[in-house]
Every structure is written in structure tokens, then in C-alpha cells.
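Work out the full structure: start from the sequences and follow the hints.
Protein chains in written order, with the working numbering: chain A, 86 to 431; chain B, 357 to 650.
Wrong hints could be hidden among the right ones.
Said to hold, decoys possible - Going by beta-carbon spacing under 7 Å, a handful of chain A positions derived as facing chain B:
1. MET234
2. SER366
3. ALA408
Stated by the list, open to error - Residues from chain A that keep clear of chain B, each with C-beta distances beyond 10 Å, as calculated:
4. LYS88
5. TYR97
6. ARG151
7. ARG173
8. LEU183
9. SER233
10. ILE253
11. GLY283
12. ARG339
Please keep in mind that the hints were generated in silico from the structure rather than gathered at the bench.
Beta carbons: idealized from backbone N, C-alpha and C, even for Gly.
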Amino acid sequence: MTKSGLRRWTAYAARRLGSTLLMLAGVAVVIFVVTRMLGTPVYLLVGQQASEEVIAATIRQLGLDRPIPHQFVTWIGGLVQGDLGTSRHTFNPVTTDLALRLPATIELVMAALAIAVFVGVGLGVAAARRPDGAVDRFSHVLTQLGASMPNFWVGLVLVYLFAYAARIFPAPIGRLGPGIQPPTRRTGMTTVDSVLSGNFEALASALHYLALPATALSLLAIPAILQITRGTFIEVLASDYIRTAHAAGLSTSRIYGVYALRNAVVPMLTTLAMSFGFLISGTVLIEVVFAWPGIGLYAVNAMNAFDYEPIMAVVLLGAIFYALAYLLADLAAFVIDPRIREGAQT
Amino acid sequence: MTTPVDPTIRVASNEPDPPVGLGRRLRSAIVSVPGFFLGALLLVSLLAPLIATHDPLTPNPLAKLLPPSSEHIFGTDPFGFDVFSRTIYAGRLDLTVALGSVLLGAAIGVPVGVAAGYLGGTVDSVLMRLTEVIQAFPPILFAMLVFAGAGNNVATLIGIIAFFNVPVYVRMVRAVIQPIRDASYVRAARAMGHGHMSLIWKHLLPNSLVPVFAQFAVSSGFAIQMVAGLSFLGLGVEFPRPEWGSMISAGANQIVFGQWWPSIFPGIAVFLAALTLNALGQRLRKAVLVGGPR
Numbered sequence: 086m087t088k089s090g091l092r093r094w095t096a097y098a099a100r101r102l103g104s105t106l107l108m109l110a111g112v113a114v115v116i117f118v119v120t121r122m123l124g125t126p127v128y129l130l131v132g133q134q135a136s137e138e139v140i141a142a143t144i145r146q147l148g149l150d151r152p153i154p155h156q157f158v159t160w161i162g163g164l165v166q167g168d169l170g171t172s173r174h175t176f177n178p179v180t181t182d183l184a185l186r187l188p189a190t191i192e193l194v195m196a197a198l199a200i201a202v203f204v205g206v207g208l209g210v211a212a213a214r215r216p217d218g219a220v221d222r223f224s225h226v227l228t229q230l231g232a233s234m235p236n237f238w239v240g241l242v243l244v245y246l247f248a249y250a251a252r253i254f255p256a257p258i259g260r261l262g263p264g265i266q267p268p269t270r271r272t273g274m275t276t277v278d279s280v281l282s283g284n285f286e287a288l289a290s291a292l293h294y295l296a297l298p299a300t301a302l303s304l305l306a307i308p309a310i311l312q313i314t315r316g317t318f319i320e321v322l323a324s325d326y327i328r329t330a331h332a333a334g335l336s337t338s339r340i341y342g343v344y345a346l347r348n349a350v351v352p353m354l355t356t357l358a359m360s361f362g363f364l365i366s367g368t369v370l371i372e373v374v375f376a377w378p379g380i381g382l383y384a385v386n387a388m389n390a391f392d393y394e395p396i397m398a399v400v401l402l403g404a405i406f407y408a409l410a411y412l413l414a415d416l417a418a419f420v421i422d423p424r425i426r427e428g429a430q431t
Numbered sequence: 357m358t359t360p361v362d363p364t365i366r367v368a369s370n371e372p373d374p375p376v377g378l379g380r381r382l383r384s385a386i387v388s389v390p391g392f393f394l395g396a397l398l399l400v401s402l403l404a405p406l407i408a409t410h411d412p413l414t415p416n417p418l419a420k421l422l423p424p425s426s427e428h429i430f431g432t433d434p435f436g437f438d439v440f441s442r443t444i445y446a447g448r449l450d451l452t453v454a455l456g457s458v459l460l461g462a463a464i465g466v467p468v469g470v471a472a473g474y475l476g477g478t479v480d481s482v483l484m485r486l487t488e489v490i491q492a493f494p495p496i497l498f499a500m501l502v503f504a505g506a507g508n509n510v511a512t513l514i515g516i517i518a519f520f521n522v523p524v525y526v527r528m529v530r531a532v533i534q535p536i537r538d539a540s541y542v543r544a545a546r547a548m549g550h551g552h553m554s555l556i557w558k559h560l561l562p563n564s565l566v567p568v569f570a571q572f573a574v575s576s577g578f579a580i581q582m583v584a585g586l587s588f589l590g591l592g593v594e595f596p597r598p599e600w601g602s603m604i605s606a607g608a609n610q611i612v613f614g615q616w617w618p619s620i621f622p623g624i625a626v627f628l629a630a631l632t633l634n635a636l637g638q639r640l641r642k643a644v645l646v647g648g649p650r
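Written out as C-alpha cells, the structure is:
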């Protein structure tokens with residue numbers, strides 16, 4: 086990038102960062118309003134039959150007797166310092182609990198996203214080469230199925246087929262087989278830690294346990310990625326510069342791999358960010374089906390224990406991930422695509 | 357020399373030309389295979405008492421986890437409920453919640469979209485930022501939070517799904533109204549002394565309601581899946597009440613033991629309902645958008 090280009094990028098990045106922070110502030114306000122206004126968390130803590138004194142004491146202890154704006158400032162203040170409250174079912178600070186469980190969710194979501202990109206982009210490009218051909222028709226069916234099947238149910242179907250009937254994959258309990266020495270914890274992602282510590286027995290087991298939930302989850306992201314890839318490639322392949330490249334005698338793989346891909350990558354980045362958001366939300370159900378110890382299962386356990394601060398934290402975390410994914414996609418698009426660079430200037 | 361053909365048009369024209377006229381296009385989209393399936397789905401739910409073979413709320417403790425047979429077509433679940441009868445009855449609740457949440461979402465989203473598109477300026481930017489905030493929430497996690505505060509009932513379920521439908525309708529209506537706000541016929545009407553309300557009511561709203569109507573089916577497909585997902589977690593529906601998601605949940609622990617029927621059959625019902633609504637939605641959208649951007 087040139088010097089002036091870098092300056093423009095910095096200005097754009099600052100503006101996008103500002104609007105992202107504004108959005109997250111809005112998210113924080115909604116979370117606060119929902120938890121404080123819809124019901125009284127006190128009853129969740131002390132039970133419906135608690136005596137007046139116990140309720141009053143709890144309200145004082147939680148600071149719920151202070152004015153609402155005061156409560157909000159206290160809450161946001163804690164939030165900014167990384168204080169998300171204390172879980173009432175694990176007795177740990179929520180931040181500690183999240184740090185322990187987040188890597189498992191990231192591992193699952195990233196694996197699902199990788200499968201979705203591999204399948205979605207592969208089929209999308211193949212379908213775009215011959216619209217209405219066999220691959221295109223197959224992709225269409227896959228898109229319809231992916232968009233209509235509840236993915237937690239697909240998870241159960243996979244468990245029946247591959248864990249019970251074929252016995253290729255383990256029963257849906259956690260991330261490592263019994264009796265397998267877990268790798269030294271570095272990132273918290275079992276597969277990565279296994280590679281880092283050279284524990285290949287654990288790696289094989291971890292991949293084995295990851296395969297079914299990641300496949301079930303990936304179905305949530307495949308339709309969007311497939312459709313956007315197909316649409317973009319049909320458009321790009323029909324353009325004049327691709328025809329010129331063909332006429333100039335460039336190899337098909339070069340045309341697809343370099344020229345077409347570079348022009349298709351920007352809409353695909355946005356779709357990728359969107360898919361990431363889908364997966365962060367969809368992973369809750371998959372984590373329940375596969376007893377996968379991530380933040381989704383943590384939130385569900387908290388809910389069943391009437392413990393609302395972990396749920397608040399997980400909702401906030403999900404929104405932050407979503408916002409960051411979009412921010413990164415936009416910033417990358419700005420660097421890649423000169424049309425956006427010029428457009429953003431005006 | 358042949359005339360150059362735009363390849364994107366060639367791709368589109370592989371499909372048969374739809375009949376002209378919006379009304380006829382919409383009719384042909386509704387009178388179709390997905391339209392027929394939706395009718396069948398509604399009919400089965402409506403006639404559930406006639407179709408069901410057992411009482412959906414009375415378990416038989418002596419008939420737990422029986423595989424599908426002539427007595428129990430879809431088998432029985434871990435409590436001894438007849439899976440077939442419950443699957444049939446569940447359609448009533450699932451379809452009602454889906455429809456209710458979509459209508460509520462549109463009822464809020466359409467006026468907000470009109471305001472954003474018609475007023476423009478600061479109102480528009482504030483409303484757009486708000487829809488972005490809603491879209492940033494992970495739906496299922498956010499729903500868990502709301503249920504924790506507002507109580508576990510069907511009204512909350514409808515409210516939450518409607519909440520996530522609102523941005524869709526806001527954006528849709530705004531996109532229709534914004535470009536025609538200053539169209540010559542609207543300016544002419546304004547010059548003739550029409551007030552804002554009558555202008556919106558007579559000229560702007562009718563234009564925007566067609567895509568809104570087409571969106572109903574797609575939103576219902578999303579709603580069906582949300583209902584199933586949330587009730588799978590035990591949210592929104594009290595257990596013995598027949599509902600697809602909670603039925604899947606009731607059988608989920610049996611899958612690893614090979615007893616697939618309590619979970620698989622209600623899941624197929626969710627899948628068929630969502631597939632029907634999505635396919636119908638695509639047809640409706642195509643009927644509305646002919647001539648416009650694809």
C-alpha cells in the first residue's frame with residue numbers, strides 16, 4: 086500500500102472501529118435492560134418462596150436498590166475491567182470459567198468453518214463452471230437440506246449412523262477418549278495442543294471426537310458459503326477480463342486460482358464473517374448434543390442452575406466475536422479491493 | 357455476426373418464463389408443490405384429533421421405548437408416549453408459534469421500516485444502527501437470557517423469535533420506500549395536498565407489502581427451526597405438551613443405544629416443515645422480484 090493508501094486505511098479502520106464499539110455498547114445496554122427489567126433476578130437466586138427479609142437482603146447485596154443508571158455504570162465499569170460476575174453453579178469468577186471453556190468452542194467452530202469453506206467453495210466453484218450441470222443440481226439439493234434441517238438433529242442422526250450403527254466414531258461425550266493422556270495445556274484446543282506437544286495418540290483421538298460435531302455444525306454455514314461462491318463466480322467468469330485471459334491462452338487453473346478468485350474473495354469474506362456469527366450461536370445446540378465442554382454448554386448448564394451472569398457473559402462474548410469478525414472482514418476487503426478503497430474515500 | 361448476449365441473462369432464461377402480472381405470478385408460486393405441502397401440513401395439524409392413534413398426553417408406562425410397529429407407527433418414547441400422535445399434534449403449536457412470531461415481527465418491522473425510509477436522515481441512521489445491534493446478538497444465547505428473566509412460556513418464545521425477525525422487515529420496507537419517496541407520482545400526490553399519513557398509506561405502503569408478504573414463508577422457516585432449537589434446550593414449552601424440539605430432546609439420550617425413533621421422527625417433521633416453507637419462500641421471492649435484481 087502507498088503512504089496515502091495507508092492513511093486512508095487508517096482513517097477507515099478508525100471509523101469502522103468506532104461504529105463497532107458503538108454497536109457493542111448498544112448490545113451491552115440491551116443485555117442490561119433485558120436482565121434488569123424483564124424480571125427480578127432475585128427470585129432466581131433465592132427461590133420464589135423466600136421470605137421478605139431474605140429478598141430485601143439479597144437486593145441490597147446485589148446493589149439492586151440503587152438507581153438504574155447507577156447500576157448500569159457499576160456493571161459497565163466491571164465489564165471493562167474484565168469482571169463479569171461470579172458463577173453461582175461453579176463458584177468461579179465467570180472470566181475464569183470462560184477462559185477454561187472458550188478454546189473448546191473456538192476449536193469446534195473453526196473446524197466446522199474449515200469444513201464449510203472446503204465443501205462450500207469447492208462445490209460453489211464447480212457449480213459455477215456449469216450452471217444447471219450435475220454438480221450444480223447436487224449443490225442445490227445440499228443447500229436446501231442444509232438450510233432446512235435442524236443441525237442439532239443432524240448431529241443426533243450422525244451419532245446414530247456413525248457412533249451406534251457403524252461404530253466408526255466415538256459416542257458423543259467430550260473431546261478425548263477414556264485412557265488417553267491429555268496433551269499439556271497451551272492453547273486449550275486439544276488438537277493444537279496435541280501437535281505442539283507431539284502427542285499424536287491424543288491428536289488422533291481428538292480429531293476422532295471432533296469429526297461428528299464439526300460436520301453437524303458445518304451444515305449451518307455451507308448453504309450461504311456455497312451460494313455466494315456460486316453467484317460470485319458465475320458473475321466473475323462471465324466478465325470481459327476472464328474472456329480476455331482465456332483468449333490470451335492462460336491456463337484454466339491460473340484463471341480460476343488467481344484472477345477469478347481474487348475478484349470473488351471480497352463477497353466471500355463478508356459471508357465468512359456472517360457464517361462465523363451463525364456458528365457461534367448454533368454451536369450451543371451442538372455442544373449440548375455432543376457434551377462438548379465449550380461456552381455454549383456452560384451457558385446451558387448455568388441456565389438450568391438459574392445462574393444468569395454466565396449467560397450474560399456468553400451472550401456478550403458471542404456479540405463481540407460477531408462484531409470482530411465483521412470488522413476484520415471489512416478491513417481486509419478494504420486492503421484487497423481497490424474499488425472499496427476508492428469508494429470509501431468519498 | 358451474432359448479437360452479443362449477456363451471459364447472466366442466459367443463465368436466468370434457462371427457467372421457463374413466469375406468467376406476466378404480479379397477481380398471476382404470486383398465484384402460480386402458491387399453487388405449487390411446496391404450496392400443496394404447506395396445505396397438507398396445516399390440514400394434518402388441524403385434523404390431528406382425527407389422525408392421531410393415541411392420546412398425545414397420556415403415556416403408557418408399560419410401553420416405553422417400543423420400536424415402530426403396527427400399534428405404534430413411530431414407536432414410543434422413554435416415557436411411554438406414542439411418538440406418531442405427538443408428532444401430529446406438535447404441528448399445531450410449532451406452526452402457531454412460527455406464524456405468530458412472523459406476524460408480530462412484521463407488525464413491528466413494517467412501521468419502523470416506513471419511518472426509516474420515509475423520514476431518512478438522523479431517524480434513519482439511528483434505526484439502522486438499532487437493527488445492527490439486534491443482528492449482532494447470537495439468537496439462541498440471547499433467548500436463554502430473556503427466558504431467564506421473563507419466564508418460560510410460549511408468549512416469550514413468540515416474542516423472542518419476532519425480535520429477531522424485526523430487522524429483516526425494517527430493512528426490506530426501507531429498501532422499497534427509500535427510492536420511491538421522491539418519485540414523481542409521490543411528489544405529485546404531495547403537491548396535491550396529501551398529508552404524510554395518506555401518502556404513506558395509499559402510495560408507499562402498498563409497494564412495500566408485496567416483498568413483505570413474500571418474506572413470510574422464509575421467516576416462518578427460520579422460526580420453525582428456532583422454536584425447535586429453543587425447546588430442545590427446554591425453553592418455551594413445558595414438557596408433556598407435544599412440540600417437535602422437546603420431543604427430539606426427550607429421545608436424545610437414547611440415540612447412542614440405537615433407539616432412534618423418539619428423536620428422528622419429530623426431527624423429520626421439523627425438516628419437512630422448514631423445507632416446505634423455504635421452498636415456498638423462494639418461489640414467492642422469485643415471483644416478486646421478476647424484472648428486478650435477482
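Violated hints, by number in ascending order, as checked against the structure: The structure breaks only hint 9.
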